[in-house]
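2 protein chains.
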Amino acid sequence: MTRRKMDFPVSEVRRYLEPGPVVLVSSYWKGRANIMTMGWHTVMEFTPSLVGCVISNANYSFELIRNSQECVINVPTMALLDQTVGIGNTSGADVDKFTKFGLTAETAEKVEAALIRECHANFECRLHDDALVEKYNFFIFEVVKAHVAATPKYPQTVHYTGEGVFMIAGKTVSRRAKFVRGL
Amino acid sequence: MTRRKMDFPVSEVRRYLEPGPVVLVSSYWKGRANIMTMGWHTVMEFTPSLVGCVISNANYSFELIRNSQECVINVPTMALLDQTVGIGNTSGADVDKFTKFGLTAETAEKVEAALIRECHANFECRLHDDALVEKYNFFIFEVVKAHVAATPKYPQTVHYTGEGVFMIAGKTVSRRAKFVRGL
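Chain order of the listed sequences is W and H.
The opening position of the first sequence corresponds to residue 52 in the working numbering, with each subsequent residue numbered one higher.
The opening position of the second sequence corresponds to residue 52 in the working numbering, with each subsequent residue numbered one higher.
With the rest of the complex left out, here is chain W:
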């Protein structure tokens, strides 16, 4: 079950990332592709569309991303929870995760890393600043292209709390009338 995706403004990816979901990061370098599960990320700017994230150098993905200077941040939903956990508990050094977890690699537009079709959103990223990579494994990416499923507007994302426990996104409430600025 995969919904058709639409182009989405890169300056608005905060809608999906700011609530803090676990994401799947796909990477590619010299014939090697991988996926990792990642929960340590933050929006840093609207324009350019910047996202900072910690990718430990203990991960197989680190070398691929460090060298290719690219990745795709994919946003899974509750329907992919078991694959998300499995991806986080295996290493790309041992298995082809697309095959093992039954995920579909789609060609991205601006990077070589693949989009994961089954995810709700796919954000193509290029490395923007590696100033804190050596010290903290902290990469700052620019989202250069965004693809998002047309519905639902607020997907049931999964949010990691540690100890194997995930919080599932609940209902949404609007307080728009109380906002004085556009943020």
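Please keep in mind that the hints were generated in silico from the structure rather than gathered at the bench.
Take the hints with a grain of salt, since some may be wrong.
Remember, identical chains collapse to one label, so a pair may be satisfied in a single copy or spanning two.
[To be verified] Only pairs whose alpha carbons sit at most 25 Å apart, straight line, appear in this in silico DSS-like list of lysine-lysine:
hint : residue 1 : residue 2
1    : LYS56     : LYS196
2    : LYS81     : LYS151
3    : LYS186    : LYS151
4    : LYS81     : LYS229
With the hints as your guide, set chain H onto chain W.
Then chain H, alone, in the frame of chain W:
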């Protein structure tokens, strides 16, 4: 309605921050106290307990935090949603936010900024690295003391999606049996 708080291990604050809630950042410098609403943050390390966050220099809090090199990250729940929105839509240059929003300032143990009693958790922070403050308004703090309400274990946090809309934390599910490491 405020629950009694317990000391909490600073290396485990990810339980509350990694799911990505909006937080209230309290600050203090030379007689001036303030609170801001903040949604752009990420855990960066367990030990030392590091949290990175974007605090725009357009905020009144920026100067207080830049100069004092401290803050408290407070985690509100659904019960404080309207105050959280109000705090994000007013400036400390104009109002005393503790008074205006009926919040109680409690003395912290290791920093001068106040704990907000009504929040579920309070994390006392000291500036750890300001390397990216000039360029991105990105502060890396070390959590030096953590206070958390004894119950509930998984509070109903609020997560911002933009456009005035918040996602409310839903139920939790465990996949602990599928985790091969302790993470």
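Copy assignment of LYS81 with LYS229, given that the CA separation must stay at most 25 Å: For LYS81 and LYS229, neither the intra-copy (50 Å) nor the inter-copy (31 Å) Cα distance is at most 25 Å.
One pair to classify: LYS56 and LYS196, alpha carbons no more than 25 Å apart. Within, between, both, or neither? within (12 Å within a copy, 44 Å between copies)
First find the shortest C-alpha distance between LYS81 and LYS151 inside one copy, then the shortest across copies, and answer within, between, both or neither for a cut-off of 25 Å. within (20 Å within a copy, 58 Å between copies)
At most 25 Å between C-alpha atoms: does LYS186 with LYS151 qualify within a copy, between copies, both, or neither? neither (33 Å within a copy, 41 Å between copies)
The structure is inconsistent with the numbered hints 3 and 4, although it conforms to all the rest.
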